Each structure stands twice: as structure tokens, then as C-alpha cells.
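K.L.:
Listed below, chain by chain, are the residues.
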Amino acid sequence: MFPYHPQGYPFPYFNYQRVPHGYYYPPYSEGGWGWWHGALESDESRRLPEQQRLTFVLVHGSWADAHFWDGIAVVLRSQGHAVYTPEYAGHGTDPNKNVTHAMITKSVVDFIIKLNLREIVLVGHSFGGSVIQKVAEQVPDRIKRLVFWDAFVLKDSESVADELPPPTRQGFEQLRAGSKDDTIMLPFPLFRDLFVNTATLEEAKRFYTSVSPEPAKPLFEKLDLKAFYMLPTPKSYVYFYQDNVLPQGEGFGWNPHMSTRLGQFRLIVGDGDHFTDTRTRPDMVAKKLYEAGRD
Amino acid sequence: MFPYHPQGYPFPYFNYQRVPHGYYYPPYSEGGWGWWHGALESDESRRLPEQQRLTFVLVHGSWADAHFWDGIAVVLRSQGHAVYTPEYAGHGTDPNKNVTHAMITKSVVDFIIKLNLREIVLVGHSFGGSVIQKVAEQVPDRIKRLVFWDAFVLKDSESVADELPPPTRQGFEQLRAGSKDDTIMLPFPLFRDLFVNTATLEEAKRFYTSVSPEPAKPLFEKLDLKAFYMLPTPKSYVYFYQDNVLPQGEGFGWNPHMSTRLGQFRLIVGDGDHFTDTRTRPDMVAKKLYEAGRD
Amino acid sequence: MFPYHPQGYPFPYFNYQRVPHGYYYPPYSEGGWGWWHGALESDESRRLPEQQRLTFVLVHGSWADAHFWDGIAVVLRSQGHAVYTPEYAGHGTDPNKNVTHAMITKSVVDFIIKLNLREIVLVGHSFGGSVIQKVAEQVPDRIKRLVFWDAFVLKDSESVADELPPPTRQGFEQLRAGSKDDTIMLPFPLFRDLFVNTATLEEAKRFYTSVSPEPAKPLFEKLDLKAFYMLPTPKSYVYFYQDNVLPQGEGFGWNPHMSTRLGQFRLIVGDGDHFTDTRTRPDMVAKKLYEAGRD
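Residue numbers (our numbering), protein chains in the order written: chain A, 140 to 434; chain B, 140 to 434; chain C, 140 to 434.
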């Protein structure tokens, strides 16, 4: 059995009438790629490695804020891409930790609409995967491609917590119960071994200073994702094989466990872990996100 | 349970009386490796990295023809290997697309016999895996080692289509039903994301010009493979970890799902995808095939 | 279901009262890392890449002896680490092959106590994983971290043989039955394809001269590991993705099949196989063991 195949799940490969304009490429034709030939006409793009100019919207995960993307955004912008890193409810400077998943989604949707962004490559990392699933439902026409990077792809009616191995979930429930404001704080040993396992201890400590308690509620909310699974939007999954936030196999994990729920998707693999490379190798991460996001 | 273990499946490790002559190496003995010492006697092989001279027969997969191997063959020949890339029925310049799996197998078997090839390293890529399974049944004494590269290893009485996730299979059935000559053509978006996911769009487009409709019937034929599973021929599996033509896990995929059916096999892993590296990094592919094929 | 979750299995993340002294790092505090700042005070550590000085005890696996570690120990010592490679019963120069798993464990425990080693990074490779599980039960206060490198992590009451695919197990049982001294010798073709698959044939032959028959009994002994699963000792798993001694998936293998039994663990991944890199790339292996072992 294919891992996730609800009733009425469309076979995404062949709904060409629903594929975003300009995406479907008729066999044997060489034309119709105006953006590309356009890009090649400038002198600059001849000197640089060929890069299609993309509009990235980068959505971070839990125990992070929009600065998570700082290094990667610098690299992508230096290559000519437009890069946006919206902050969302309950994170960054927002003092209110009492937020819902819908409020988080609304933050990103409002950001996209206010800036009138279009042809977006919408990237979600970790918990951000569940956010871009819901954002995509609300502004599908603005999205060129969805990119999940070691990110949750939830089934309809699932919560993020439903994808955690039982001991991890129980641990999170204990931490949640012990907090005064319904948040979960990662203890350093867990952060060090699961989120920044390839980092030096110094790097891990520096990273940890930017970790703050995560609003718990959105992790346990079950999401209606029926509309998401009807979207014909092209999708990619970036998987870093030293990422061990979830066990990779035995019924859990990023790839292939959750990635295959996307139906047809482009796979890009790197050798990083969950957090470290954003700081130590932002060029590597940027390269993988570009490979995932380009046409 | 071991994934595939039919009644009477021989434990391949210990049937030394059936191992091809010259392969079994008695413990603690240093002698008996004439080819090797011979190779080292020439001046040329002293200057080059040590390479055993092999005879490769390379069998391509679906949506490809023998030119699939062009770049890799150049590299392997430059290293002193003999390389053969037989075309098979329904492919290349053959105008007849109404072919069977047996006709395809016969093309390769006839090629091997006509050229009187022996001590072959027989490599199958993708669908070509099912072809070399059947070829090996017919000319076992000519084969030194079987190498499956992201290739189907079918169970007895299985078809290639049986190894596809249900949505992929249904999609192929739709495409087949819509064709006039019982073929399946890959739409570009599917080809781009599943077969050449790591390529640039330009590379993907260039590659796609060589893709032509694939005869459908051989993909759906169930094969009798009882004889294959009695062969003591040494086997290798080359797995590229960005290959996502099949999901890798959850009951599907190249490795370990199909590779483990080989019993004892030598695993070689690379970082490529299904098609791209044949053109962009033929030296990398050649190196992996050599590592899989050497004694 | 989480793969292994016996009754009473503690959720290791949150038992901080049981975490070895000095390991738990209170959120938002920058202090308390004396060893690190100490290390940075010397001129030498400023010139070298930053390395915490560790005490490694390296426990080899089957068909190997303590010389397995020679190259890796040279590299680690050159980086300032203390490295110990105890030999254990039935191996090396020990003429007695009639040993038990308990005797093997005792060899390592006695070695550690005799040399009064403390704050140990205890590394087990392959079968050595089951040894460090039992050693950890006996000298838990001396161990800073357990590192499993493509190593068995047995469930309570399991034997190493229980983790072998049935055909492999049957093959070993045949070899055992055919021996005069209750040992198992690896035939060269199996060793070459499963243990040193990435090696050249010359390297494989050279390696094979150091392989001697392995006492069979300890591989088939079921171990009481209840105490192991109560230990709060930090744990790491090093996985080399070309290691195919066990199939990696479908209910078998190093990672994630056995690694996830550790509960919370730090994952480090490399591109090697089971044996080859100890001789061809000891610096790579040393780097991965350091990444797994450091705080």
C-alpha cells in the first residue's frame, strides 16, 4: 500500500489543466521558457552560474524565529533571488505565546498578501511544513512551488505531535505540563544531540542562546488538510541525512515517511542535520533550496 | 522475516561448488589471482590507478536507448575496459513498439552470443534490472557478476508495475490507455522531478529530447524468475541516494527493498539521481559501476 | 509504535537528576564548561582545530582483534586524545576460543578498572555494541558517553544472531556446525562483498589475512539487558551508509532499526562501509568518532 492515499486523492501527475500556468512543458517542444532565455540575455547571468531568479518565502520551525534564515537569505540574495522571511504569531518579538496554528498561518498569509508576492517558492522547515500546508490552501494562486525541508507533511486531521515517537511525545507533554505559559522548552542535551548533532559544542551553545520556549498548543492541534491534498502545486522535499530529530524509518521520519504523502515530488538530499548548517554552511543550504525551488 | 525468501531459495554464501571458476578465494591463501598480477605487469597499469580490466555489458532502462550509456562508456573504455551497450527490441531505431519482455531479453542474449562475450559484468539500470534477471537465466556461464543500478529486482511472478506505488501505477495505466500504440510517454514535469531532479532545467530539457514513448506491455508482464533465484552468480547493487523514481522505504524502492532479494550482494552507494549523472558526471557513475563490478 | 519500548523504559530526555555530573546544561546559562575554556587557554589548542580532549576506549567486533583500531588510534592520539583498545577473551593471541559473552565483557571491564579509566567515551563496533551494552551496566559511573558504530544494540533477552536475517543466520549456523572448535569463519566472497565492499580486491585480500575464526557461542547467547535500558548515559550512533553487513531497512539493520532503541541519541553519518575505512581512511573514521564522542 502507498503510505497515504485517501479517498479522492487526485493523481497529481496528470491534472495538467490545474498545473500553474507556464509549468507544463509539452513533450518535444523547446519553446515557452521565456524567463530562462530572458535571464540568459543579460551579461551578468552569463558570468555567474546560471540561476533562475526566484522569489523565496522562508517559513521557520519551532524553537526558532525568522533570524533562523539570516545566513541563508544573505547567500540567496547575493545570487539575485528575492527572499522574504516572515515572522509569525508567538515567535520573535511577539510577547503573546498563547497562539493557535491558525494564527501562525494567518501571519504568513497576511505577509504574502500585504507585499503582494506572487510566483512564490514557499519553503517550510520542520514545524514550518505544517504551516506552508495551510498557507498553500489559502493563497494557492500565489505559489509556484512548495518546498519542504525536513518538514512535517501532515495527513488530513493529524497534528505535529501525532508524528512524534511516543517517548518523544510523552516527554514534550511532561515539559508542557511543567511550564507556566503552555510552552515547551528544549533542554540543552536534547537540543545538542537531536537538533545540532554535527555542531561543535561551542556552536551548539551559541545556537542555544537563540532558542526560546515554543508555544505548545499548535504542536498538538489537529489540522484539516483536505484542501491541501487537492492542490496541484508542484512540490519538493529537501532531506538532510544527518537530521535525527525524528527517527528515519520504522514508521517515522521526514523521508520517505512524510515526503511520500506529497505524491509526485522532487527529492533533493544533503548531508546536514536539523539546524547546524544554517550557520556553518548557509551556502550549502541555499544551494539545496535553490535546487528544490527552481523550475 | 527476511523480505523475500521463497521455498528452496539457496543460501548463496556457501554453495562454493557453484561459484564461477576462479571466484572463490580460499582463506589464508595469497595465490590464484592471475589476472591481477598480470595486470600489474604492464607499465601502463603501474602508471594508472590500479584497475582490473573488465568486460561490461550495459543494459539501459525505460524511456532511454543505448545512447544512455555514451558518456559512461567513454570513461570506462579510457580505463581499459571493454564496454558493450546492446540496444533491445522496441527501443532506439526499432520502429516496432509492439514488443514483449522476452523479445527484449532475446535482443541482449543474442548480442552476447553473437559477439561471444564471456566473463561479463552485466549491468542493468532501472527496468534493465528485470532484463538482466532474465538474461542471466539464459547465459549464466558467460556472466561473472550481475550489477543492478537503481534497478528492478523482481520476485518470481512479479511485473515491474507490481513494484510501483498504486498512484504511480494508476497514472501509468491512464497514460497507456490514452496512447495509440500501447506506449507510455513521461510528461515533462514528472520526468523533471523524478528522473532528473538534481539537474538544471536546461539539462532536464536537453535530456528530455532523447526521451521517447516506452512500450507499455513489458512493464506489466509477470515474469517467471524461479531459475534466476537459483543462480549462484555474484551480485552487486549500486544505489544513488537522490534517486526518487520510487519512494525509498515504506515497502517500496531500490535499496533495501529490492536489493535484499539478491541475498548476498555488494552494496555501492552514490549521491546521484536516476538519470542526470550519466551526462553531468559520467566519471562518477563509471567509478561506482567499476567498484560494483570488480572482483 | 516506537520500535522498542518495554515496560518501565524511562524517557531518557528528562531524567536530569540521573545525567552524569556536568552534562546537563541549564538553559540560558553560558557558564559551567570549565574543560572547554581550559582547553582554549593553551597555545596549542589555539593552533590546532578545536578539540576537546577525550578518553576513548575502543571495543572491536567479530572477525577482528584490537589491531582493528591501529590506524584510528594513531589519528586520535595525534589530536591529543587518550586511546585504549582492550583485547578481549577468545580474540587476539588468546588460544582459547571457548568463551562466553560474559567473559568478553569481563575482559573490557577488568581493563577499565585496572587502568582506573574515567570519563570514558566507550565505543563499540559491530558485535562490540553488545559488549559495550554489558560493560556499561557494570561500570556506568566511569562512562561519559556510549558510541555505537554500526553496532548491535540488542533488546533485552536478545542475541546478536536474533538480529540477522534468517538466511544469514542459517548460513552462520551451517558454518558453525562444520567447524571443529565451535567457531565461524567468514568465507572470502562474503567478507569481500559484505565487510569490505568499497575496498579494492588487493585491500580486501590484505584485510582478510587478519580475519580469524570467530567464537560462535557469544553470537547466539541471549543477553539480559534490563539494567542497560535504565542507564541515563548519553549515547551516540555512528552510521556508515555503505555498510551492508545487515540490510538497512525492512525490519533489519543498524540505523534506524537498532539505533532508535537507544531513545535519545546523537546521530553521525559517514559514507564508509563496515571495515575498509579503518585502513584506507582512518582520519575520516576518527573524525566521526570524535563528533560522536565530544560533549
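It is possible that part of the hints are untrue.
[Unchecked claim] Facing chain C, from chain A, some residues (calculated, C-beta under 8 angstroms):
| hint | residue |
| --- | --- |
| 1 | Asn-237 |
| 2 | Pro-306 |
| 3 | Pro-328 |
| 4 | Leu-329 |
| 5 | Asn-336 |
| 6 | Thr-337 |
| 7 | Tyr-380 |
| 8 | Pro-386 |
| 9 | Gly-388 |
[Unchecked claim] In silico lysine to aspartate or glutamate, EDC-like type, Cα no more than 16 angstroms apart, as pairs:
| hint | chain 1 | residue 1 | chain 2 | residue 2 |
| --- | --- | --- | --- | --- |
| 10 | A | Lys-356 | A | Asp-332 |
| 11 | A | Lys-344 | C | Asp-332 |
| 12 | B | Lys-283 | C | Asp-434 |
| 13 | C | Lys-283 | A | Asp-332 |
| 14 | B | Lys-236 | B | Asp-321 |
| 15 | B | Lys-344 | A | Asp-434 |
I should point out that these hints are in silico values taken from the structure, not numbers from a laboratory. Please read these numbers as outputs of a predicted model, since none were measured by experiment. Beta carbons are placed, not taken as given, at the ideal position from N, Cα and C, and that holds for glycine.
K.L.:
Under 8 angstroms, Cβ to Cβ, is where Asn-336 (chain A) needs to be relative to chain C, so tell me if that hint holds or is violated.
P.N.:
holds (5 angstroms)
K.L.:
Given a cut of 8 angstroms on the nearest C-beta pair, is the interface hint for Pro-386 (chain A) held or broken against chain C?
P.N.:
holds (4 angstroms)
K.L.:
Holds or violated: Lys-344 (chain B) and Asp-434 (chain A), Cα atoms, limit 16 angstroms.
P.N.:
Since the Cα atoms of Lys-344 (chain B) and Asp-434 (chain A) sit roughly 11 angstroms apart, the hinted pair holds (cutoff 16 angstroms).
K.L.:
Please check whether Thr-337 (chain A) passes as an interface residue: C-beta within 8 angstroms of a C-beta belonging to chain C.
P.N.:
holds (6 angstroms)
K.L.:
Tell me if the straight-line CA distance from Lys-344 (chain A) to Asp-332 (chain C) falls inside 16 angstroms.
P.N.:
The hint is violated at about 42 angstroms.
K.L.:
Please check whether Pro-328 (chain A) passes as an interface residue: C-beta within 8 angstroms of a C-beta belonging to chain C.
P.N.:
holds (6 angstroms)
K.L.:
Taking 8 angstroms as the limit, does the beta-carbon of Gly-388 (chain A) come near enough to a beta-carbon in chain C?
P.N.:
holds (4 angstroms)
K.L.:
Check whether the Cα positions of Lys-356 (chain A) and Asp-332 (chain A) lie no farther apart than 16 angstroms.
P.N.:
Given pair Lys-356 (chain A), Asp-332 (chain A) is violated - Cα atoms ~24 angstroms apart, limit 16 angstroms.
K.L.:
Just to be careful: measuring from the Cβ of Asn-237 (chain A) to every Cβ in chain C, is the smallest value less than 8 angstroms?
P.N.:
violated (21 angstroms)
K.L.:
Given Pro-306 (chain A) was flagged as interface, is its beta-carbon under 8 angstroms from a beta-carbon of chain C?
P.N.:
holds (5 angstroms)
K.L.:
Would the stated hint for Tyr-380 (chain A) survive a check requiring a Cβ distance to chain C of less than 8 angstroms?
P.N.:
Hint holds; Tyr-380 (chain A) Cβ to chain C Cβ min 6 angstroms, cut 8 angstroms.
K.L.:
Any CB of chain C closer than 8 angstroms to the CB of Leu-329 (chain A)?
P.N.:
Hint holds; Leu-329 (chain A) Cβ to chain C Cβ min 5 angstroms, cut 8 angstroms.
Violated hints, in rising order: 1, 10, 11, 12; the structure is consistent with all others.
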